[in-house]
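**Q** Model the placement of chain B on the given structure of chain A, informed by the hints.
Protein chains in written order, with numbering that gives the first Met the number 0: chain A, 0 to 156; chain B, 0 to 677.
Hint data in this document are derived by calculation from the structure and do not stem from the laboratory. Some hints could be false.
Said to hold, decoys possible - Quick list of in silico lysine-lysine cross-link-like pairs, DSBU-like style, CA-CA up to 35 Å:
id, chain 1, residue 1, chain 2, residue 2
1, A, Lys63, B, Lys205
2, A, Lys116, B, Lys667
3, B, Lys555, A, Lys116
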Amino acid sequence: MARITELDVNGSRRRLDVEPDRTLLSVLRDDLDLTGTKYGCGEGQCAACTVLIDGVATRSCLTKVGSVSGKRIVTIEGLAPEGKLHPMQEAFLEADALQCGWCTPGMILGAVSLLQKNTHPTDAEIVSGMNGHICRCGTYPRIVAAIRSVAGKGGRA
Amino acid sequence: MITRRDFIAALGGGIVVVLIADDSDAQEAGGGARRGTREPMPQNVSAWLHIGEDGVVTAFTGKVEVGQNSRTSLTQAVAEELRTPVASIRMIMGDTSQTPFDMGTFGSMTTPQMWPQMRKAAASAREMLVDLASQKWMVERASVAVANGKVTSGGRSAGFGELTKGEKLTQTITASAALTPATEWRVAGTSVPKVDGRAIVTGSHKYAYDIRRPGMQFGRVLYPPSYGATLASLDSSAAEAMPGVKVVREGDFVGVTAPDSLTADKALAALKADWKQLTAETNSRDMFPYFKKTSRDGDASRPELTSYTIAYIAHVPLEPRAAVAEWNDGKLTVWTGTQRPFGVRSELATSFQIPEDRVHVIMPDTGSGYGGKHTGEAAYEAARLAKATGKPVKRNWTREEEMTWAYFRPGGVIDAGAKVDPDGTITAWEFHNYNSGPSGLQSPYSIASKTEKSHNSKSPLRQSSYRGLAATANHFVRESYMDELAHAAKMDPLEFRLKNAKNERLRNVIEAAAAKFDWKSRKKTPGNGFGISAGFEKGGYVACCAEVRVTNGAVKVVRVVEAFECGAIVNPEHLRNQVEGAVAMGLGGALFEQIDFADNRILNLKLSRYRVPRFADMPVIESVLLDRKDIVSAGAGETPIVGIAPAVGNAIFDATGQRIRCLPMAPKGVPASGSDLV
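In isolation and in its complexed conformation, chain B is listed as follows:
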């Protein structure tokens, strides 16, 4: 790793702006001490930007691109404030030797936190260009303008490179530079196309899975047949006899390397291992009572509460975990797909007991994450095999490995209860989530008395974040239960929500979705039904209307309208794509995705056994984007996923009279009354 001083020197001449994040928009960007760094970065450096003597603008951020189009939106931030075309900007992301420290790309924080920081760095660079022009040309500062990649004053005009030639200026900024208001944006707020789109459609972009190094070997790792099993004995003689194969055994870590992937697979299969396996505490059929039984603060179940259940589901990033590692002179370089390159650097430094400045993690734009790529397993395995064999090693996970040894969206049990006045006002609300998590736990409706608790339980599977975290589960239950209350109160579900929604932004999305869907003039026919839901999470307001058709128990979602508002829109087309994509992905968890497990094993670890949404599952999806230029932009990669499950569930109730209180709702279709299909 190079230090900040080295780095700035390496950039050569021109202008460098180093942004020290202020507290208002960058709590997550802080670094803390870094072991072994000769000159530690200032604690809160969150972004930097360089304008070279060749006029090339390069911006650096520890954030990463996982398909959510942050590379494009951050480029827009720079283009907007630097008044230069998008095509003139290079964005270096998620490279621990080149970019400032960053906690990771999660929690929809890139837009609310990194985006304004990029703008501030770019705005400061623009002001430095104005200063330079004013000095060089001996003109009033006020006469200097920056537009379209040029600095002008009177009849004079210069490109950025011309102006910065021979300069070596570094400015560290902390104060909030004056930013262009959303109402005056020219590049931000427009549908700039995906900046790396061409590399993707031509297949030239190198993902972590695609990285190749000279002399590289292919690695596989021996995993136990069940969670928690330990290695009793190993006979690796057959594998070791295979040409080009190396077997690495260090304690319980056993891996093989080979010159090609098929030989590596064969060598792995040739390992004869005996395992000591553990008895499972629960399985996917029995886990719901288990969550309550193992709740650390007790079981708050009461008969008057209505209980819902949530299955474990898998992220299924289409690019599984992957890494290539190589060691040179005691220094480790790893290419890996991760949402936390600096976190992986720290994991590797700890694992190999070397200073962090001897670990370089490079994150090529990755084949999606959805919250599922926070950890560095593949990087660790590749590094370990590379260290033991003295050669670069690629460690690409198989789908089955990704489905077993990554982590899952938590399962859980959620109990809800409420009191409603005859006029439809909810007067009391009680909500308990066991194990699935606290995100989106709090009702966005205005209710006088609320009890909302998240209870930690023992998880039978490795669980962690997923797109939207528990907000999907909490919204499913809250909005399904709201529907139960509306029907009990004999009110229209839309009217019931509006009756209890006082927040203006919440009401706006509900009304926008209902208007586009034409909720009020919906016409029921046998077998079809309509549902509505709404919610708020991570700075975004969402409302969703769905129409379903149920034929012989089979559920077809026909049409979905989702309204979304997350402040000032950064890129309308990409936002629309996120909203639509979240609806599409959310249909899987709503209707059929679930992890089946027993005896400490995953039973459906292949895509032929674990069904994800496909073309034929798609409804017509329409999005309504509300652009609030008066409100600071929030992220949009997660919250649009929370509305679809309850809207579909409520529509199924409308169609069939059946209230389905579990996610997924219809893995085998909707049961006829009294049947046990689900």
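So here's chain A without its partners, still in its complex pose:
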């Protein structure tokens, strides 16, 4: 398979030159220095590596970079314009829905994707939609509250 020489990341075309079997996670982190995307397990169990591919939450640790050529990739760094916060980022701060913060970027992108599919989820739908994400510090109830508050504001996410 051909080497990957361009990716659409956070609204801009990024030049690079990597083998297609690299994980998207390692290319984002190591080649593009977009380290807001986190490694947690490497097997899709924790979702700390979540990014949006064409708007859909995707685990970048299980995604080969060769499979996302030409697709729109959004990482936590590109969720809101420079200097601004996305409503979900604001909601996480407002609900104090983080401690160490390692899971937070993946949580926020997972939550954004969840509300795109379901603008007004019930708490049970939030729980089942987010259950693939691990927060070892245990801020789950606060994360549910943060997502609920964004949905309550009209789900602009």
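**A** Frame of chain A, contents of chain B only:
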């Protein structure tokens, strides 16, 4: 490393306060001699604070931020006493060249020890500002006030920078400066938001895992297939033939570096190693008798004691161990996630046989620790690979490495026994802990005769601290056994505890939790049950009530109320977050987390095999915070975890009649009577 003199010079003009900790609140801050330092720090310097000519306030502490929000609470300490907004303060933490020596961030000591020291440094700086204003303006000292980042007297007003311009004042303080009483706090005691929150939600904060240096290589290290195995032979030719790959072999240490992480992974996989493996002494199924058999002071088992068991569990910090190391002119700089940056500096200096002042350890706020990041393995490996290859090296551990080569919360066996009068008074108490540790060993209840012993055994796995240490295991057993005694005495578990609890603070949390939970009017329905527990550790009192529902053996924790009291509350929202988070994390060790091992190998070293609590496991969690402004603040990162396991276990008993005497209690559900599910 720079000396104190260099450091103060480097800060430039302004005011510097150097705090020498007094004995009352800083036993851990002492330094001892430091090899190679031109001008050793005074033994007990624990914090310093600088107000620059630009008005920027910078406070320095060797403590670190691992998610417990110490960066915020320490900032509040400075803001409170310096009467300046939180946003005007920078907190430099855990950098061995910039901050005073510190033993480490553990044992819930930041709040009881560093927090008052920060306040004293800030209070002294405030008094220096008052002195300066009084001299410059030629006004009575008593007429000078400091508030909201300004110094005022009569009609005059100046910012801190204006006042300190052209000054170069250093004050070393030892005596306790007058601190603002908790009843008059304006910033301390309030829910100041996480000061670094924005950097986290935008992904801009650089954790150790994220650090990148020019020319940096990615390192992997060859580990044995089992504990204790030694390298018999190695063929590294295939790896060495890979472009950009360097293989480092120094004795039993074998590692590879490569320009990208995938190549490093492939190079590691290409190493052909033969190992001489050891025969295991025990495994996770057979280890409980092993703990008693290997007890250094014998086995105190007796038939009248009731035995409980505790599994090994893993911390699973979501950011695994990570480090980037680089050498320049014989000096080593390492960025790493650790709870003990100065301890890691010492480990590195010893390993590479260089003076400590040639090692600089920087600790970026890290992706959690829970007691699991006291050691510097990744830093050592990165430094070794960087030294051998002459390039900066990143050494990020994988999850599997973190689950195997870090250390675990100890497993153990705990035996309990008691005598109870007909009126419910416990008259005698006996408690033996084999291997899991002494923290929280002592009963907080008032009992006339107590025997409480911690027995050291041989540990089959590398074991060390974990959030709350052994207090979780000891509370699980004590509070489960208290429940056994209450039922034997035909008393309500709440009444039985209150009967034996004389300590006012303990009674307060028990009553607060029971009231919020509505314990007295709880209604049992088939399959559901209610449990209560209480305890004390590290200056914090905790009581927990839980409701569970057991359906076909599956345990669902429905609702938890936890009351917590740790003196004067520093930050209510962050305390609430700690209490709730500890309950959530504690559910894992209570119900399903356990390390399985055999043949000197970990069998469940992936998150797909080692289950941690998730969204769907969460009960409704309610916290009740008791604010004792008359009591010095204690830490809260650990003790809130001890109550959940026994409260859930007691609720399972209430629901099913089954007393589960092991942690975890229900990895495969609760057995029907006579079944062997557990």
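**Q** The structure should be examined with respect to each hint, and the outcome stated for every one.
**A** Cross-check of the supplied hints:
1. The hinted pair formed by lysine 63 (chain A) and lysine 205 (chain B) meets the criterion: a straight-line CA distance of about 24 Å does not exceed 35 Å.
2. The straight-line distance between the Cα atoms of lysine 116 (chain A) and lysine 667 (chain B) is roughly 34 Å, inside the 35 Å bound, and the hint therefore holds.
3. The hinted pair formed by lysine 555 (chain B) and lysine 116 (chain A) meets the criterion: a straight-line CA distance of about 28 Å does not exceed 35 Å.
Checked against the numbered hints above, the structure breaks none of them.
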